[in-house]
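Asks: Sequences are here, hints too, so could you generate the full structure?
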Amino acid sequence: MADLTIRNLTITPLELVSIQRLQGEKIRTGNLVSNVTGRFTSFINATDFSAHKLLPRADHEPHDQRDVSIHLDPFRTVQTNVRAADAAGREILRLTVRAGHRRYETDVPSPSRKSAVMKRIAGDDGDDDHEEELDLTVVYIPNGAFLAIFSSAKLNAWMKQLDDAWPLPFLSIPGTHNSPTCHTALPSVRCQSVGVTEQLQNGVRFLDIRVSVNPDNDTLTLVHSVFPVSLASTKYFGDMLDDVYRFLEANPSEAIFMSLKREGAGRGTDQHLSRYLQSSHVDKRPERWWTEPVIPTLGAARGRIIVVRRFALDDEMAKTCWDGRGYGIDGQNWPDNCEDGTCDGGQIRVQDFYEVTESQNIEKKIDYSRGQLERAAEREFHVPSLAEHDGNADAAAAAAKLPIFINFLSGSNFFNATCWPERIAAKVNPAITDYLCIRHGEDGKGPKQLKVGAASTGIVVTDWVGANGDWDLIRCIVGWNARLQVS
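Start counting the sequence shown at 922; every next residue gets the next number (this note's numbering).
None of these hints come from the bench; they were simulated from the model. Don't be surprised by glycine CBs; every beta carbon is placed ideally from N, CA and C. Watch out, some of these pointers could steer you wrong.
To be verified - The calculated lysine-lysine pairs, modelled on DSSO-like cross-linking and capped at a C-alpha distance of 30 Å, are:
#  : residue 1 : residue 2
1  : 1182      : 1156
2  : 1240      : 1322
3  : 1182      : 1205
4  : 974       : 1075
5  : 1322      : 1081
6  : 1240      : 1205
7  : 1369      : 1322
8  : 1075      : 1040
9  : 1081      : 974
10 : 1348      : 1182
11 : 947       : 974
12 : 1348      : 1322
13 : 1369      : 1285
14 : 1240      : 1182
15 : 1040      : 1081
16 : 1348      : 974
17 : 1285      : 1240
18 : 1156      : 1205
19 : 1369      : 947
20 : 947       : 1081
21 : 1075      : 1348
22 : 1372      : 1348
23 : 1182      : 1322
24 : 1322      : 1366
25 : 1205      : 1081
26 : 1156      : 1285
Claimed, not checked - Here are the in silico distance ranges between beta carbons for each label pair:
#  : residue 1 : residue 2 : range
27 : 1064      : 1338      : 22 to 30 Å
28 : 1136      : 1239      : 16 to 24 Å
29 : 1240      : 1201      : 18 to 26 Å
30 : 944       : 1002      : 45 to 53 Å
31 : 1063      : 934       : 47 to 55 Å
32 : 1302      : 1078      : 36 to 44 Å
33 : 1241      : 1040      : 52 to 60 Å
34 : 1063      : 1167      : 36 to 44 Å
Replies: Spelled out as structure tokens, the structure:
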């Protein structure tokens, strides 16, 4: 059995102070009908389903208990001499970690999934008040006996912790591909397990939206390629947008990238789309939109939707908007099916290899995704006098010149059921979670062995997050923003 490796991915020095070794047992969850249904759904859709939880036996005392002192410095990996828990599920390690005067406890493996929020227990002085609260999330990877510790940002408002002066390209931002496709639809069309509102509440800040456009009215319908996102009823862009507005009103510290592209069977043009977007949506809520063709700092973007324009502009708008400089972040000429492409104007670098024609091709997709993470991590940027910076001038000018790294984890092949979106996500998402925990942000540990700068992930665009409450990948991406809090 391998020894436990721990990586502290927070800005807080931690210390492992106690280890208990407990006997584990699997406890059935739900009832027979729900478990059979869950297994059948899991078999059809490839989403992970577990009918059991792994818990310590209530009638057994720890068979090994000892105090230790293993220091876990910020953004460092420590190989301990602590034997990992039996992989067969017969054993659980209960770890106690100290952060300052506070102590936290977690069981490894966690009861049902990789991630768990550490339980806060009384401090060294017995006082358990809630001043300067720190929440910690652990992600355990049994293959390799690796434990990563992240700060548990409140996912509905995780940007609140970051300084206004940071250029958005240096943030680690979770996104979703074909974001509103959570409804009953063809399995090759559906890409998400939950709706846009739940995605935003759980940390997603990049929405990929495809709309069908008609020439004779401004109603935009939500589609994926030529297909509607729901077989039951038509879904409309305006209704989804109302949900986004409500989220921003409740969480004004947040900023949302929205990529817009015209697809579907409508006969309207890109020019129709650009006019409808401006007159029917942006002009009615201008305080909620960022359409200037430069990438803002976080402070300038808070409370707003940043347009990533994957459509051509109406001729008159091209002449008049922003003194003829453009409209939104320019993604009009999107590199097709690329490993690392650059949009015209240089504002976007994208990995969007999507033609996963065979299941064996999924490993190629994973390699491309890791490579884009490594390229995003390599860049470095320093905001002078960050704490006192007013968010304009130098940082704003620098932000406007930086490209955003966008990294699509998605792929599909309509004619091959093993390459439908959910089945690809079932392999890609865990692989990227493991990479973010073990290798991301380490010099020379990526596919290209590049040096690490700010260790941003860039924008990581996913399929099928949130299935059965599993937000591990999103938590890992958000967790990497802790690097920006290092003074």
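Asks: Now tell me if each hint is right for this structure.
Replies: Right, here's what the structure says about each hint:
1. Between residue 1182 and residue 1156 the CA atoms are separated by roughly 16 Å; this keeps the pair inside 30 Å, and the hint holds.
2. Restraint check for residue 1240 and residue 1322: satisfied, since their Cα atoms lie roughly 22 Å apart, inside the 30 Å limit.
3. Restraint check for residue 1182 and residue 1205: satisfied, since their Cα atoms lie roughly 21 Å apart, inside the 30 Å limit.
4. Among the hinted pairs, residue 974 with residue 1075 is consistent with the structure: their alpha-carbon atoms are about 25 Å apart, no more than 30 Å.
5. As the CA atoms of residue 1322 and residue 1081 are separated by approximately 24 Å, the hinted pair is consistent with the 30 Å bound.
6. In summary, the hint linking residue 1240 to residue 1205 is supported, as the alpha carbons are separated by about 21 Å, within the 30 Å threshold.
7. For the proposed pair residue 1369 and residue 1322, the alpha carbon gap of about 25 Å is at most 30 Å, so the pair holds.
8. With a C-alpha separation of about 16 Å, the suggested pair residue 1075 and residue 1040 falls inside the 30 Å cut-off, and the hint holds.
9. Simply put, residue 1081 and residue 974 have alpha-carbon atoms about 34 Å apart, too far for the 30 Å limit, and the pair is violated.
10. Pair hint residue 1348 plus residue 1182 holds up; C-alpha atoms about 27 Å apart against a cutoff of 30 Å.
11. For the proposed pair residue 947 and residue 974, the alpha carbon gap of about 5 Å is at most 30 Å, so the pair holds.
12. Restraint check: the Cα-Cα separation between residue 1348 and residue 1322 comes to about 35 Å, which exceeds 30 Å; the hinted pair is violated.
13. Only pairs whose Cα atoms come within 30 Å are accepted, and residue 1369 paired with residue 1285 is accepted, the gap being roughly 14 Å.
14. Between residue 1240 and residue 1182, the direct Cα distance comes to roughly 21 Å. Compliance with the 30 Å bound is thereby established for this hinted pair.
15. Taken as a hint, the residue 1040 and residue 1081 pair is honoured in the structure, with Cα atoms around 23 Å apart against an allowance of 30 Å.
16. Distance hint between residue 1348 and residue 974 is fulfilled; the C-alpha atoms sit about 22 Å from each other, no more than 30 Å.
17. At most 30 Å may separate the alpha-carbon atoms for a hinted pair to count; residue 1285 and residue 1240 exceed this at roughly 42 Å.
18. Between residue 1156 and residue 1205 the CA atoms are separated by roughly 21 Å; this keeps the pair inside 30 Å, and the hint holds.
19. The hinted pair formed by residue 1369 and residue 947 fails the criterion: a straight-line CA distance of about 41 Å is larger than 30 Å.
20. Our distance criterion of 30 Å between C-alpha atoms is broken by residue 947 and residue 1081, whose separation comes to about 39 Å.
21. Between the alpha carbons of residue 1075 and residue 1348 the distance comes to roughly 27 Å, so the proposed pair stays at or under 30 Å and holds.
22. Simply put, residue 1372 and residue 1348 have alpha-carbon atoms about 27 Å apart, close enough for the 30 Å limit, and the pair holds.
23. Restraint check for residue 1182 and residue 1322: the C-alpha separation of about 24 Å stays at or below 30 Å, so the hint holds.
24. Restraint check for residue 1322 and residue 1366: the C-alpha separation of about 28 Å stays at or below 30 Å, so the hint holds.
25. Taken as a hint, the residue 1205 and residue 1081 pair is honoured in the structure, with Cα atoms around 26 Å apart against an allowance of 30 Å.
26. Taking the CA atoms of residue 1156 and residue 1285, the gap is near 34 Å; set against the 30 Å cutoff, the hint is violated.
27. For the pair residue 1064 and residue 1338, the beta carbons lie near 27 Å from each other, so the given range of 22 to 30 Å is met.
28. The supplied range of 16 to 24 Å is met by residue 1136 and residue 1239, whose beta-carbon atoms lie about 19 Å from each other.
29. Between residue 1240 and residue 1201, the C-beta spacing of about 20 Å keeps the proposed range 18 to 26 Å intact.
30. Between residue 944 and residue 1002 the CB atoms are about 22 Å apart, so this pair departs from the stated range of 45 to 53 Å.
31. At about 27 Å, the beta-carbon gap between residue 1063 and residue 934 misses the expected band of 47 to 55 Å.
32. Take residue 1302 and residue 1078: their Cβ atoms lie about 24 Å apart, and the range 36 to 44 Å is violated.
33. One distance hint, 52 to 60 Å for the beta-carbon pair residue 1241 and residue 1040, holds here, with the actual separation near 58 Å.
34. A hinted range of 36 to 44 Å holds for the C-beta pair residue 1063 and residue 1167, which are about 40 Å apart.
Violation of the numbered hints given earlier is confined to hints 9, 12, 17, 19, 20, 26, 30, 31, 32; the remaining hints are satisfied by the structure.
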